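Undergrad: Knowing the structure of chain A, use the given hints to seat chain B on it.
These protein sequence lines map, in sequence, to chains A and B.
Going by UniProt numbering, the first sequence opens with residue 1, and the numbers climb by one from there.
Going by UniProt numbering, the second sequence opens with residue 1, and the numbers climb by one from there.
Hints were generated in silico from the structure; no laboratory data involved.
What you are looking at is a predicted structure, and each value in this text was computed from that prediction instead of being measured.
Relax, there's no trap hidden among the hints.
Quick list of the computed label-pair ranges, beta carbon to beta carbon:
hint, chain 1, residue 1, chain 2, residue 2, range
1, B, E3, A, P212, 36 to 42 Å
2, B, R254, A, D48, 50 to 56 Å
3, A, A45, B, D169, 40 to 46 Å
4, A, T2, B, D29, 54 to 60 Å
5, A, P178, B, A135, 49 to 55 Å
6, A, H88, B, A216, 36 to 42 Å
Partial selection, computed: residues in chain B whose CB lies under 7 Å from chain A:
hint, residue
7, R48
8, V55
9, G57
10, L61
11, H89
The calculated lysine to aspartate or glutamate pairs, modelled on DMTMM-like cross-linking and capped at a C-alpha distance of 20 Å, are:
hint, chain 1, residue 1, chain 2, residue 2
12, A, K73, A, D37
13, B, K84, A, D96
14, A, K73, A, D48
15, A, K73, A, D96
16, B, K84, A, E145
17, A, K73, A, E6
Just so it is clear, CB atoms sit at the ideal spot from N, CA and C, and this is done for glycine as well.
Here's the letter readout for the chains.
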Amino acid sequence: MTATYEQTLELARRTVTDVRYPVVKTYTFDPIWVLYDRVLRIDPAHPDDPARDRFYLSKGHGPSAFYAVLAAKGFFPAEWLDDIASPHSRLGSHPDATLVPGVEISSGSLGHGLPLAVGTALGLRATGFTDTRVFVLVGDAELDEGSNHEAIQYAGAVGLANLHVVVADNASGTVGWPGGIASRFEVNGWSAATVGLTDHDALYRSFTEPHPDRPRVTVASAMLGPH
Amino acid sequence: MREAFAARAAELIDADHGIAIVLAEISADLFQDAAAAHPDQVINVGIREQLLVSVAGGLALAEMRPIAHTYAPFLVERAFEQIKLDFGHQGTSGVLVSVGASYDWAEGSNTHFSPRDVALFDTLPGWRVFVPGHAAEVPPLLDRAVRSDQGAYLRLSLRHNSTRHGRNDGSLTVVKEGTRATVVAVGPLLDNALAAAADLDVTVAYTNTPRPLDTAGLRDLAARTGNTVVMVEPYLEGTSAAIVSRTLSDRPHRLLSIGVGVEELRRYGTAADHERLHGLDAEGIGARLRGFLAV
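Looking at chain B on its own, in the form it has when it is part of the complex:
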């Protein structure tokens, strides 16, 4: 996904001199050619994440469209006040693109884990969140993010599904139909959710645009599946619970949230290992689904 992002971003910069990318060393090697061709549009501020986000905000004030990119916890957590104040509070917006996700670099441990990022964006007005499940989904999502005057957070991961899914309009895409529940799988967890639901009578729907969540689509699917909903999210468990609850507040409904646990595991290994430890592999998701549906 990172390579797909860098290649598309370089094309955007080349085509539109009003677009700039701001880096903090991370991924700078992927932008060497773009930087040589467009030195004013590819800005590497060094390992200075507060400056990374503020410079992007300052570029937006100069009426450029900034893309700020670095590792997820440094982009979103270290510089969160910059995100809060240097875009929306200024009446501007920008595009933020992260790598690392919840546990991509499992050997790096908690310093490089960012399961909280989407929950943090839910505390700010106006931000859209894109979580691609496949590298081929990245370029169109980046285009949507850049060609808009709304803020957007694009969360890239090493984890991915075997093929691309989803339309590029933010709507939920039904991948499998059933009657007992609607399982919404976000981004790279679709394959695991599908495997988990293979022998269950449930609908599985996919989105790579969790914000804004397709609440109209969710209401429709929920109505056809007993107003029983399962959110399977590759970030902090329960991140979308408030939105689902609000979406279905006029009906009796049930919700199961499956996602990354809040505990610090202090374990190394691989991302696949951490997926299993958090119960996000097919076996773990399947066990939670069967318990919830009492089958």
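With the rest of the complex left out, here is chain A:
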């Protein structure tokens, strides 16, 4: 199926997963929607094309938004959304890459997606897919995990330009990041921008901003409204 933004958002809201986290399941919706609608070069008819862009949902909690966008873009039937996490469903409360078409990594344990994305970005470069990009979405509280900081330091130091991190920032971390999240990336040599979480044009501009010699981060902040 192909669906509009509004129809897809409705798909995300109708899913039954994540009753513990009613807000969590849709706050990542806008950046994921903009990526799949306007940025990523992925053909649902050829989900294994080695040259495809990769999207790694690292923050596996609350995947309803992700599932809804994948269904809207035709990776699997929208009916799958109606029995998420049932014993017969391929869609769990954490996505499983071996079960769901279009899901690139199995996630749910925080702090794995970004380090995996570093490896994939290196691998794509080594195997000649130099135009292929790896986007990885993390949550702001997920950045507490030290494994992310190993990845941020290393990717910045080696100028991993085919890597793009999207931080969905709803200020959910208890301790937080004094001075802002973007500064943690910038000090490690990343290109960075902080934009409104639901500002589609700003998200698009940041996702497509050239960064030829370094990785890039887009901090999509719930504290900034659309312009």
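TA: Showing chain B alone in chain A's frame:
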């Protein structure tokens, strides 16, 4: 063994651009030439072991064959969740190669000891474990590990037997024949086990492929030796006990497990000293065998 591994890995990288090695400073000096020739295939992430394993997982997702290498406790214990989630849970696999083993750097003490590693791999599906007993066994084992789509853990050690043993197909190799028990010696403990069994009426069989254990071969040997089995393993004592028990569950059988003790010794010295302290020298193994067989 480490030099044999590095030399063979460099050849593999040179021959196949789909293979990459990931390092965390350890052994980087052995890969300088390979890194200069193939900078995209030799990746040193610095002292970041979580990243080491995850990068290997990410390379596998990009359909490369990764070899991740560092000191055993940092590779297997510090980054264990990365091993669990960033390969099998993703539907991929990789090759992990460690140095240090159970007590190679005895002066370094418990921070650098890894007797638990093989037991940890037994908690995950699909991993093969290779424990060479001699440097000459390393290249063919590495080739097997790399030319497969299954996960493999290659456990290198400074301890070794005087000569190479074993076939390269994972089967148990009979080194000495007897009737009272089958003694299975894993990797570098074969020489000690043979010396311990020299005047005992037992079969001694060798393997450098403890996972998957050659259970068919073990059943056959056990049937010819009174279903009496001794496992001599250079890692945590009893690591293979569950597998042997399952293998022989349809028969009355006896099992003695000889391996590295779980206690933290807080002793320095040499690896040979620790082998003796754990009862894994010829004298210690011999005493356990004679007690078990009541001879």
